[in-house]
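Now for the letters of each chain:
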Amino acid sequence: MAGGIIEYAIFIVLLPMLIFPVILFLGHIFNGNQTWVKSAKEGGLVALPIMVASFILSMLVIVEFIGNNLGEHHIGTWLSFGWIESGSTIEANAFNVGIYIDHVTVMLLFVASFLCMLINIFSIGYMNTDPVNDNRNHRFYAEFVLFCSGMLGMVLADSFLWLFIFWELMGLCSYLLIGFYYHKPSAAYAAKKAFLTTRVGDVFLVIGLVILWNLFGSLDYAVVFDSANIAKVDPGQLQIALGMMFIGAVGKSAQFPLHVWLPDAMEGPTPVSALIHAATMVNAGLYLVARMFPLFGAESMHGELVDLAFIIATIGGITAVMAAAIAFVQDDLKKVLAYSTMSQLAYIFTGLGAALWLANSYDWQEAYIDGKKNYDHVIVVVAFGAALFHLFNHAMAKGMLFMASGSVIHEMHHAHHDLHHHHDDHGDDHGDDHHDDHHDDHHDDFDPQSMSNMGGLASKMPITATAMLVGSASIMGLPLIGGFWSKEGIIANAWRVALEDPRFFLPASCVLIGAAMTGFYMSRMWLKTFAGKPKSEVAENVHEHTPWIPIPLVTLTFVTLSSVILAGMMFTKWVATPESEYVFFGKMGMIEGLIYEFEHVFVNPDMFFFVLTYIAIFIGAVVGPGLAMALYGGALSDGEKAKPWMQPIINLSSRVNKKRGFDNSAWANSGLSNALKERLYFDKWYDAAMLKLVAGFANVSAAFDRKVVDGTIKTIESTSQKLSTQIRRLTTGSARDYIMMAALGVLVIYLLLGVMI
Amino acid sequence: MIDPAWVSVLSAILFTIGLWGAFTRKNAIIVLMCLELILNAANLQFVAAAIQHGDASGWVYAIFAIAIAASEVAIGLAIFLAMYGQHETISLDDVNLLKN
Amino acid sequence: MAAIGGMSAEDLKLLAPELTVFVGLLLIMIVPNLGNGTFRIPGTSIRLPWFLGGTRYKFVSSPRLPGLLAVLTMAVALFQVVAYLINSNGLDGDVVSSNSGIEIFKINMFSRIFEAIFFAALLLAAIASLDRLPIGPQKSDDIDVLFNNRRQADFYILMLTSALGMSVVALAQDMFVLFVGLELASFSTYVLVAFHKETRAGSEGGAKYFIVGSVASAVGLYGLSMLYLWAGSLQFEVLAVKWADDGGSALSMMALGFVLVGFAFKISAVPFHFAAPDAYSGANSPVAGVLATASKAMGMLGLMRVLLIVTIPEASGGSAIWIGLLGVLAAITMTWGNIAALGSENPKRMLAYSSVAHAGYMLAALTAIGAWNWGLAEDAEGAMDVVVAALLFHMFVLVFFKLGAFLVLGVLEMEGGASRLSSLAGLGKREPLLAVGMFLFMISLAGVPPMAGFLSKLLVIMGIVEVATGTGSLSSIGDAHWVWWLALLMVLNSAISMFYYLRISVVMYFHEPEEGREGPLASGKSIRVAIALCAIGTVAFGLVGGELVEICRDAAQSLR
Amino acid sequence: MLVILPILASIFLLILTSRLNPVARAKFDAPVRMAALLLSLGMFTLATLMFLGQIGGVDWNNITFNTFEFQESYVWIEQLGITWTVGVDGLSFPMVWLTTLLLPIAIVATWNEKSGATYFPLMLMLGGALIGVFVALDMFMFYVFWELTLIPMFFMILKWGGKDRKYASQKFFIYTFTASVIMLLGLLTMYFLMDTQTFNMQDMIVQAKGENANGVWLGLEVQKVLFIMLMLGFLVKLPAAPFHTWLPDAHVQAPTGGSMMLAGVMLKMGAYGMFRLPISLFPHALQEFQFIIMMIGLVSLVWGAIVCLGQTNLKKMVAYSSVSHMGVILLGIASMQPLGWAAALFMMFAHGIISPMLFAVCGAFKHHYHSMEIGAMRGMARHSPWLATSMMFGWMASLGLPLLAGFVAELMLMVAYWYEYGWWIIFPGLVLAITAAYYLWSMQRTIFEGGEETQPPKSLHGEPVPDIDNPEKLAMLLLAAFTILFGIMPWIFLDMMDMWTRSAMQFLGLGGD
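Chains as they are written, first to last, in our numbering: chain A, 1 to 757; chain B, 1001 to 1100; chain C, 2001 to 2560; chain D, 3001 to 3513.
A few of these clues could be false.
The calculated DSSO-like cross-link candidates involving lysine-lysine, where the alpha carbons are at most 30 Å apart (straight line), are [said to hold, decoys possible]: (1) D:Lys3366 to D:Lys3166; (2) B:Lys1099 to A:Lys722; (3) C:Lys2429 to D:Lys3209; (4) A:Lys184 to D:Lys3366.
Don't read these hints as lab results, they were simulated from the structure.
The structure presented is a predicted model; accordingly, all values stated were derived computationally and were not measured.
Please take these sequences and the hints and turn them into a complete structure.
Encoded structure:
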């Protein structure tokens, strides 16, 4: 057991958790106090140091891990209990608590703590000028830190149980934050929907965990991942357990068919969308599936779990295409990003599915067999690494995209407010009276999130536009930027599996088509927002003003761009290799690293994969954006000029649009388009099912309970009351009748005595 | 001497008539008379049994029973009188204020 | 010592409580009539003061005097009885017999505990009636009508005669003596019920009670005559011997049936109970309370004498011949009573039906005794004692809560009637203590711990179950004696009874008082004292009923 | 001590105040309330000190089945062999502690209840009787206290209840009374079937064990019948479907303090009784009925949850959720695993902390908005943030959010349940989702929404909307704090429960091979 910094790793989780009540109560006490509002930013500045501390601590842990390979830290037993009857494999009788650190943990720990910190900074800029929630933002920060604690806890947990516990904690915070604008019915609805949908998945996750516990007698990674233990387990049961857990992941990561909550979740404040619904929480599902890797990779499970791997990949494939298609028609900036998130997560699922399939089918455990390099090993490592790398890239890029969109929305909102402010005669800006009037503004038709109100912002919001551009490029997989390094690996490996297992053609084709679709909708979004002429008065008056927002945007832009360095550091291999000898700054240098990457992804010895890879790159980077440009491209207004690195793109789009532009109204009015606008009717059907079936059934049940179950009792009561009246009617009041009854009684007595004798 | 069994039969007949009358007649006085019939049936039986068993206590019982019957009639008449005072009838069927 | 008639002075000593009652009776007759009346020696004009009649002395003309005398008498008698119960440790009683050797009275714990029940009930009723005797539901302004002490004297004389009659029943060792006592008590109660002859209800209730009751006792007497015809004696000892010899003959069975009818009326078992609700609602509340407790105990006593002494088989003889009959009667009675009480709108009638139900419980216990040596329980006689003791205990504590409930209604009667449930409305606000008392009586009647009613019902059920489980080795519950099902029926009936007992509480606490009946009730100090005594008894015997149980056990043993 | 003191005090206070006329009695409200609070706090301190080992120095985690601490025995009714025997073990002590905890909290939560001079003594009496049930080791004493709890509760519903209190209080009383008399008959029958007749539970259990060693004690048929009779009483109290309909009525009508005690502790009497009597005495019958108990539990669980979904009355919904949660206890019992039993015990405890909070919230809701309808009041988060927060917390705790007390029990149950019944686990799983559905649905319509300008409900008649007052806040905070405490550190009581269940299993010869 390693000592040192890992002893303190628990504070990464505890610090935010402990600050949660502090902010809540401080906020309650100082609500409306100017010092609190202005200087402490209603708690934002209380939360920030904590998040920074958490990040620093995380970095220390990460650095220590890379140096010394920390492993796990057992803190103690949480619950212990008796378990007399035991199956063959059950020995333990406790739930433990501890910290577990390996490559995957470290990767996600960095993502989580880094983004939490950045988004905290972003929120200070975004929330404090959020007029809707004057003096209520401490609630936001409190819930925010609690969420961070949940996320970090989930990452650091040393068992599936604690993973689940923090997972639920995140779910709660997600619920609270989506419903942050609680007074809006749509937000309330969205919050409920998010919690319920993920809850459905969670139920299965719990069942999966329970089955897993019954198989292993523990949920600790150390026990579950021990190949000696795995060898004792029945593969069929294990597959069921993992399948159940996967349903939980589907819910959390918004995959088909539990995806409906994510777009609605955009009702929350934008920092929340950025952090929870793009960068961190939705990755939890992926993380869970990635955590199953050792089980799939175990020798004793060889070939037994391929069905599950197929299911994972297929769910991913379907969602990828579906979400991308829906993203085509979305007008709301954040909704586009939401569907994009869904689609990209689906990519990762497909990648993980493929990697798990490979791990389960190949003899990959040894890196070298008889001194020769084991290519199976390399393939598996690259496949798994690609998926995780994409997770990393996507988190960074999507976090940034959301923040950028937040920036746009924020400024749009402000510009709108300013415009209207000129028309109104309200002098006081801060009074409560005004507060109420303010809401009237929101009731007008203006929607700061609608892309039809934007356009031409590239020159007005240069930082934002740049960040958006880089982020989009990363998602699309433009060469050398961000996702490029990981996406192709996913596609290639999906096809690799498809060649061996024909069922995989479905997900493999999906991700390939998805690449083109991604290119289209991301470009469409950027062009509609930043290129062309402003489509509304408001858009003309937009400009960036708070300093808090650009900081994270710039930072993340650089991180995204620096993927190439990570790729060079053989991130892919490092993150996926369970053996410890692969340390981060490997024996090979940067260039060698890149070569490694190329060697295994881009210069595939197999001709099929070689061609495939470049087709993918081509359709993703050229076909998709090209179509988007043809439809939505356009030059900026006269006199406006974007930054030099964006101007060529705008010009190009303008040219493509002029030359190749075509009318797509036939498509736009087609049934399919409408169906996509209606999100393929999933929400409608789910709502209908809930309202008609479940609610109907519940009402019938309640009525049944009242009328029949309770009614039985009441009937007994009323019947006996009636009987009572009947019986008392025999007491006629006439003494003659009484005597007659007595005489009859005498007869009865004799009858009975006679019977007795 | 008459067989005591016949006395028992007689008393049984008296008893039956008395009981029958008690719940078929409406007039309280007649019911009272029927009551006397029952009591007398008992007395007859006591006496007959005393003779049969050669035991004197039967006679004593009968005499006591006669006394009891007398006081019973006295009380009964008094109560019926009171009833008549209030209800102005001694028909048992018509006195049915209290019922159910 | 000189013997008076067949009785020695020793006997007189033994009969002290009864003699006390007798003396008290005489006193009530004489004392209120004391005055300056003179007696002229015939033929002369010399007038000798003989203190009867004439202008009555002031202190003797107090309307309270007869009541006080009666209370005093009853208290002294009760004290003597209780003292006997506490001090007596011998199980063999003392027999008072005639010169010819006929046993007349037997004084033992069994008879004494019944006397205690009678005296306690009558004492409480007497205390309750002390303040004044309501003439009827309508208030009368005529103070003379209300406080006429002659009328008071009549009332208490009747009470004391019924006490005397009841104690004769308790002591009797001869069926006929028992019957005479029964009639004495009955006649008194007939008149007591009809005491409100100025009201329609009073006279009607009295008439019905009288007519049905006397027919029943006449039938009983006819049964006695048949029994005498069969056995040649009405002595319990003789009868028991004869029964063991020739119990199954047609004559004896017929006799038994008729005799049962007589007693069944007294305990108001179905279908002989019909007059009871009418009588209860016609009589004033303390009297109704006496009917439901003392009078019922008297009937029960008769049943026990007949069924347990005469017709119980010896240990080897299996079950008594009548258990089937009694079981059916018990089941019908308790169910009928409870169901009838369910919907009753008149609290007094409701209590009457509840009293029918209690008769059913007691009959169930008796049935169990009939099965006492079923399955040759290891300690069959012990089991029998348990049930008998439970019965005694039940009847004893019943005095407190049943009578208490009637007395609460009595307080309301002073105000102008308690014949509707709504007359209880708002009692919780008007008279919190009275309402609490009523609530205690109600839940005690229903058998909720820790009230005496619970302990008594528990004992009864325990007794039944003990008998039913026999030796304690059953392979299934179906192997238990069927009286076990009576116990089940009994607990279910308790649950049903909860409905109407709670209804009273709900009315007291939930409903608004009727118009014109908002304020506190008329004071009625003495009746409140009686209610308080009842309440204390109800709670005390529930919490620490051990001593009483012990006494009841001894009494039960002395029955053997 | 803990039993008799509050009862005596309450009787004293009641008598003291009942002599006064209403006006003068009103003056006594405050002192009586204070006395009740101090007394209950004293009880809580005592229980806590007992737990901490300051009094008695007991090693709680090593109390095995059928051994008791703080055992005291006095003769009560000698002639019947009835004794006053008390003692606590790992099964009863958590419940005793819980009762002493809830009592002051309930008093605080209903600080401003009208007619306090009567109300608070009744509360004390209820608390005393409840503790009496839990500590009683004599069957007679157990039954006496069992019924005694009905009386104060009956009056609390009757006097302080809602509109239909008359019906509800009677139903409550009669329902539970009916079941308990049947139980009583079962107890008595058992009593006479024993070789050595005793009311002492401890001796009874030992005897049963001894007899069971040579075949089935009393014979299987008899055991089964007695088991049913005993269980019936406890099932109604629990309550399990289909005997549950008294609960919603009682809860909806009961005053807040009554509801808190009813849901918090009184329902647990049923579960406690099951463990203490039928299960401890008739393990063979338990094995026979294992599946049936499971089905009853499952039906309660699922049915309660579905009916919740169809409720529009906030308190009724919470009441049905209690039915649903109590089903979990039955499932735990039926799992026949020490873990499942421990889960059931912990569920009793956790629900005992959470549900009072739920009812406190409902009570505050009713108190402040004069309505119980879900949807009558929206946007609570704006004008009543405290109430909204409490509600959110309570609801979340009840739906089994991790790190709150309820989760531990549910998790343990699921583990044990899967082990015994496999895919039946779908149903409890389903219920987890349904539970979330009805809670969220109700929150959506109360805490959330309401537009930017909240419309106060019509029932307020245009008065300003108040948030909860300080005593209520205090009560909610305390409950929330304990919910978190036992969510994070369940071992505080779980260890002793676990020891109890494990040793019980061993002692009874169940489950272990």
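Each hint, compared with the structure:
1. Proximity of Lys3366 (chain D) to Lys3166 (chain D) is assessed by CA-CA distance (about 19 Å); at most 30 Å being required, the pair is judged to hold.
2. Between Lys1099 (chain B) and Lys722 (chain A) the alpha-carbon distance is near 17 Å, which keeps this suggested pair within the 30 Å criterion.
3. In summary, the hint linking Lys2429 (chain C) to Lys3209 (chain D) is not supported, as the alpha carbons are separated by about 53 Å, beyond the 30 Å threshold.
4. Restraint check for Lys184 (chain A) and Lys3366 (chain D): satisfied, since their Cα atoms lie roughly 24 Å apart, inside the 30 Å limit.
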